[in-house]
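*Asks:* Letter by letter, the chains look like this.
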Amino acid sequence: EAGVAQSPRYKIIEKRQSVAFWCNPISGHATLYWYQQILGQGPKLLIQFQNNGVVDDSQLPKDRFSAERLKGVDSTLKIQPAKLEDSAVYLCASSLEGYEQFFGPGTRLTVL
Amino acid sequence: GDSVTQMEGPVTLSEEAFLTINCTYTATGYPSLFWYVQYPGEGLQLLLKATKADDKGSNKGFEATYRKETTSFHLEKGSVQVSDSAVYFCALSEVRDDKIIFGKGTRLHILP
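Chains as they are written, first to last, in our numbering: chain A, 1 to 112; chain B, 113 to 224.
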């Protein structure tokens with residue numbers, strides 16, 4: 001069974017630029033999560049989708065971050081404009097409702 | 113709110129040494145407890161879990177026991193290998209939802 005796919009794996013941008021990350025969850029997983037993992041810290045949940053609806057986005061900085069999950073499958077996370085403090089690894093995870101979350105390899109973002 | 117505190121790293125051990133990584137938690141309810149592992153260049157993987165007090169989770173020679181009286185979930189392994197070098201995250205999830213709260217992670221280096 002294929003795991004959670006993410007792209008790109010690495011991205012370097014200048015501050016104030018825009019960037020987008022893509023996630024393809026495990027087939028059949030209705031729940032999708034985006035986490036931010038800053039160096040030296042544990043992952044922090046940014047947003048949780050159930051199918052194509054948002055369950056929790058309380059930790060998402062909505063002035064610059066946005067996410068969508070069209071058709072309840074793939075998802076994109078966008079940052080516009082990026083700040084230096086957005087440098088982190090962005091992890092996508094998916095799960096069957098109420099069961100174990102499976103994580104992708106992450107996208108490492110460096111903002112210069 | 114709920115939180116997880118784990119020992120700071122890096123932890124450096126020789127091969128075949130005994131490993132303990134301490135983890136304590138604060139929760140309002142009766143959470144499930146987890147240890148996740150992140151190998152270099154890979155995503156998070158669930159290592160083991162325990163869902164109620166006195167449960168012992170085990171996998172790949174690692175063990176952790178859910179201690180409600182001390183609010184702890186320490187990770188142990190009797191004889192570590194070089195291949196165990198990774199970052200280990202202690203985490204919890206309340207029964208009422210499937211959101212995971214992670215500790216900051218402990219980097220483990222095993223020397224041959």
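Worth flagging that the hints you see were computed from the coordinates, not collected in a lab. One should not assume that every hint holds.
[To be verified] Short derived list, chain A residues pointing at chain B, Cβ under 7 Å: (1) Pro43; (2) Asp86; (3) Leu96.
[What the hints assert, rightly or not] Straight-line C-alpha distance at most 20 Å; calculated DMTMM-like pairs for lysine to aspartate or glutamate: (4) B/Lys172 / A/Glu97; (5) A/Lys11 / B/Asp210; (6) B/Lys211 / A/Glu14; (7) A/Lys44 / B/Glu175; (8) A/Lys44 / B/Glu181; (9) B/Lys161 / A/Glu85; (10) B/Lys168 / B/Glu181; (11) A/Lys62 / A/Glu100; (12) B/Lys172 / B/Asp210; (13) B/Lys164 / B/Glu154.
A virtual CB, placed ideally from N, CA and C, is assigned to each residue, including glycine.
*Asks:* For every hint, state whether the structure bears it out.
*Replies:* These are the hints, each one checked on the structure:
no. : hint                : result
1   : Pro43               : holds (5 Å)
2   : Asp86               : violated (19 Å)
3   : Leu96               : violated (10 Å)
4   : B/Lys172 / A/Glu97  : violated (26 Å)
5   : A/Lys11 / B/Asp210  : violated (30 Å)
6   : B/Lys211 / A/Glu14  : violated (32 Å)
7   : A/Lys44 / B/Glu175  : violated (25 Å)
8   : A/Lys44 / B/Glu181  : violated (27 Å)
9   : B/Lys161 / A/Glu85  : violated (32 Å)
10  : B/Lys168 / B/Glu181 : holds (15 Å)
11  : A/Lys62 / A/Glu100  : violated (27 Å)
12  : B/Lys172 / B/Asp210 : violated (25 Å)
13  : B/Lys164 / B/Glu154 : violated (29 Å)
Of the hints listed earlier, those the structure fails to meet are numbers 2, 3, 4, 5, 6, 7, 8, 9, 11, 12, 13, in rising order.
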